[in-house]
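**Q** First to last, the sequence lines map onto chains W and Z. Residue numbers for the first sequence follow this note's numbering, so the first one is 1 and each next one is one higher. Residue numbers for the second sequence follow this note's numbering, so the first one is 308 and each next one is one higher.
None of these hints come from the bench; they were simulated from the model. From the three backbone atoms N, C-alpha and C, an ideal C-beta is built for every residue, glycine too. A hint or two may mislead.
[What the hints assert, rightly or not] Restraint-style ranges between C-beta atoms, simulated for each label pair:
1. Phe30/W to Lys778/Z: 44 to 54 Å
2. Lys556/Z to Gly26/W: 31 to 41 Å
3. Arg296/W to Leu437/Z: 42 to 52 Å
[Said to hold, decoys possible] Reference listing, derived: stretches of chain W covered by chain Z, where coverage requires no fewer than 3 residues with Cβ under 8 Å from a Cβ of chain Z:
4. 108-117
5. 147-156
6. 240-246
7. 249-261
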Amino acid sequence: MLRLSKIKTRPSALWAFLIPSVVLIGLFFFVPVVLTFLISLTSMDYSFRWDWIGLENYVKIITDPWAPKILTNTFFYVGLTLSCFNVGLALLLAIITTHINEKVGAAIRAIWLLPRITPPAVYALLWLWATRRESSSLFNWVLGFFGIEPIEWKLQYPWLIVILVNGFVGASFGMIIFTAALKNISRDVIWAAKVDGASTLQIIRHIELPLIKWPILFVTTYQTLSLLTSFEYILLTTGGGPGLYTTEVWALYAYDLAFRQYGGISYFGYGASLAVFLVIIGIIASVLYLKLFRFRELMLEPKIEVR
Amino acid sequence: MLFLSSQMSPKILAATLLIVGLVIGIAIGYFIGMGAAPAAPGATATVTETTTVVTTTTVAGPAKPQTITVEIWTIGPDPPSEYRFKNFEIAADMLNSWLEAMGANVRVEIKGEFYVRPVEWGEYKNKFYLAAKAGKEPHIYLTGHEDIGFLAENGYIIPLDDFIKEYWDVVYYDVIPTLWDAVKYKGKIWGVPQDTEVRPLYFRKDALRALGWSEEEIEEFPKKIEAGEITLYDILEIAKEAKDKGLVKRGLVHRVKEGYDYFQFYLGFGGRLWDPEAGKMVFTKSAWKKTLQWFHDAVWKYEVIIPTQFSGDWDKDFHGPFTKGEALFCSGGSWHKGEWIEKGLLSEDEFKKNIGFALHPAGEPGKKPVTLSHPLVYTITKRAEKEGLAKICFMLITLITDPHLNSFHAIKSAHLAILFSQIEDSRYTKDWFLHDVAYMLKYTTFIPNHPKWGDYSRIVFTILKAVETDKTFTPDKAFETLLSEIQRTLGDAVIIEE
Numbered sequence: 001m002l003r004l005s006k007i008k009t010r011p012s013a014l015w016a017f018l019i020p021s022v023v024l025i026g027l028f029f030f031v032p033v034v035l036t037f038l039i040s041l042t043s044m045d046y047s048f049r050w051d052w053i054g055l056e057n058y059v060k061i062i063t064d065p066w067a068p069k070i071l072t073n074t075f076f077y078v079g080l081t082l083s084c085f086n087v088g089l090a091l092l093l094a095i096i097t098t099h100i101n102e103k104v105g106a107a108i109r110a111i112w113l114l115p116r117i118t119p120p121a122v123y124a125l126l127w128l129w130a131t132r133r134e135s136s137s138l139f140n141w142v143l144g145f146f147g148i149e150p151i152e153w154k155l156q157y158p159w160l161i162v163i164l165v166n167g168f169v170g171a172s173f174g175m176i177i178f179t180a181a182l183k184n185i186s187r188d189v190i191w192a193a194k195v196d197g198a199s200t201l202q203i204i205r206h207i208e209l210p211l212i213k214w215p216i217l218f219v220t221t222y223q224t225l226s227l228l229t230s231f232e233y234i235l236l237t238t239g240g241g242p243g244l245y246t247t248e249v250w251a252l253y254a255y256d257l258a259f260r261q262y263g264g265i266s267y268f269g270y271g272a273s274l275a276v277f278l279v280i281i282g283i284i285a286s287v288l289y290l291k292l293f294r295f296r297e298l299m300l301e302p303k304i305e306v307r
Numbered sequence: 308m309l310f311l312s313s314q315m316s317p318k319i320l321a322a323t324l325l326i327v328g329l330v331i332g333i334a335i336g337y338f339i340g341m342g343a344a345p346a347a348p349g350a351t352a353t354v355t356e357t358t359t360v361v362t363t364t365t366v367a368g369p370a371k372p373q374t375i376t377v378e379i380w381t382i383g384p385d386p387p388s389e390y391r392f393k394n395f396e397i398a399a400d401m402l403n404s405w406l407e408a409m410g411a412n413v414r415v416e417i418k419g420e421f422y423v424r425p426v427e428w429g430e431y432k433n434k435f436y437l438a439a440k441a442g443k444e445p446h447i448y449l450t451g452h453e454d455i456g457f458l459a460e461n462g463y464i465i466p467l468d469d470f471i472k473e474y475w476d477v478v479y480y481d482v483i484p485t486l487w488d489a490v491k492y493k494g495k496i497w498g499v500p501q502d503t504e505v506r507p508l509y510f511r512k513d514a515l516r517a518l519g520w521s522e523e524e525i526e527e528f529p530k531k532i533e534a535g536e537i538t539l540y541d542i543l544e545i546a547k548e549a550k551d552k553g554l555v556k557r558g559l560v561h562r563v564k565e566g567y568d569y570f571q572f573y574l575g576f577g578g579r580l581w582d583p584e585a586g587k588m589v590f591t592k593s594a595w596k597k598t599l600q601w602f603h604d605a606v607w608k609y610e611v612i613i614p615t616q617f618s619g620d621w622d623k624d625f626h627g628p629f630t631k632g633e634a635l636f637c638s639g640g641s642w643h644k645g646e647w648i649e650k651g652l653l654s655e656d657e658f659k660k661n662i663g664f665a666l667h668p669a670g671e672p673g674k675k676p677v678t679l680s681h682p683l684v685y686t687i688t689k690r691a692e693k694e695g696l697a698k699i700c701f702m703l704i705t706l707i708t709d710p711h712l713n714s715f716h717a718i719k720s721a722h723l724a725i726l727f728s729q730i731e732d733s734r735y736t737k738d739w740f741l742h743d744v745a746y747m748l749k750y751t752t753f754i755p756n757h758p759k760w761g762d763y764s765r766i767v768f769t770i771l772k773a774v775e776t777d778k779t780f781t782p783d784k785a786f787e788t789l790l791s792e793i794q795r796t797l798g799d800a801v802i803i804e805e
């Protein structure tokens, strides 16, 4: 049996393949992270001065009275959007659309892609219009048929709006990946299960889901990191409100302090330290996922070889 | 063709392509280099150079005039304020025609932008700072006077005292003196006032008529406000009555984004923003308590302001409701009149017939009515100085600090005069609205020229927005949060007074 570890590779060939990605990751990940970290050790604002203040910004995070609330909001937002939409709904859509008529399934998937291909500002505006307090807005118009009074959605159910807006966009990504993975499962295995009398639910539970464990790990990890740093839809819909920081998440807080200042005052230093904090959370979450999904086992060479 | 024929050896083809490439590259480089020749260092030097060039032209034929490009950034964000930029083009045309008539072989070219919505102030300022970091900021930068402290402190702009002294008798003697206070920082002058304005409380006369008010009572209303007989709580009562009777859908609309208008409510309750002697910002506890209570009451008790007003849309939640007669009061600015007319939301006649305007009322009996002015100013950047263009920039600013040119702007955008002679200018005097609001300047206040003012403003906006959107965020809780945030963020920069 040919083992991967026994393949002899010339170091120069290895580097030739590795260098492009090493350069890209170095330029667009490591350099920005190092720069962000360095800025986080300064009190930089629009004067762009590198005034070193050590770990003062990190102490400020610990003593920031809003930090606990905003961190809780972030976990709530990421957890709920991820489980209900970006992985949950995505998986459901992928499974349903691969088990029904192929053309209908493809049409449903195409419709779910619409939020993804709509420009974010337009998409957010559509949601704002749909959830306005007037009885003529889409949501209230529908409620009107049931005799329910118009609701100011943005004020009364801000989290619902935030999670729906993000979730409807986020679901399509996982849906595509899961669909591709499901379609990649050898039909022989499914037919064999059917011959053995397995029901559709049993096939999903015992064959399909275990076989797409790797894409689920990928989507979960990728979408967690993506949600942790995403804030644009929250900014465009609730703006972190109503009230004081009700739907403010960590990334939005960092953006608000660093860039969104009417008076032209910006805290690049403090904003950068908030961003570094987010990078740390992201790394911890990634490691946890890798452990949880037994990534090492996934990457092991197969114990049997099918020829 | 032999050049591309298959018989040509690859080496010859490569060598030929290399030579062609080099020739084309050198040619392009040469022409780009010509285009990017440095501009003239300054006005004085220009005159000397001009003489030389003119002499040369008699021998070698007409030479292309040397062009000095001045880059200018201005902003509305209301579209009618376009003369903030256009006036420079007018001035440059004027200057160029003089230069041409004098045979001077140099011209001034104006480049730059006049930003309008959706670009808002925050974005505009961010753009400037980032451009400045890259050394690409404009030579002349229009901004709010409150930024002068930060800009000056961090070396973005240059002091103008010497220039102003030199050209004092040309035009600067004529600037309304209080406006100089707005452009001073640490004893120096850092900008030239571009305009000023007042922020009236507009009201719908037609709604008041429907409420049973006589024409006389309506005419008396601004006077009563000026006399302090009508307070902010009276406004809430009137608005509620009109709303309860179904005459309007909203009692009062105010701005929908961060800004400075709402500081008038605090000033109306006797608050102070600036201590000129200490050079510090001021937080008057009693006034902020009452202001927060008023906003909470306006939204949740009287229900005359909608809870989402601070996160609304300018057209749907501000201009639209008021100009359509769906809102009784509008806490706006004099420039909004210009905007409504320009956008066709109201005709001049409709405005005259149905819209009234007054000072912002006192918060409670015994206090004074107020208004707030936010003069915009032209500043000259460090880049202009580095490139030797500071004096040319100042001369351009001097040319447009002219009663007639500034009146183009004042009338179109409903801003107020900055020059004494402008008040008598033939164009300016024809505008009845500017004449009628001018008295409000007696009651005006400026926001502080402090480098940390942006923080004060941001914290206030965050808390006010929270009060409006969250009923459970009580005025007491809001006040405690406001005070602690101001103290935590601004420390010694602000004086806390009872």
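**Q** What are the numbers of the hints that this structure violates, sorted from low to high?
**A** Result: hints 2, 4 break, sorted rising.
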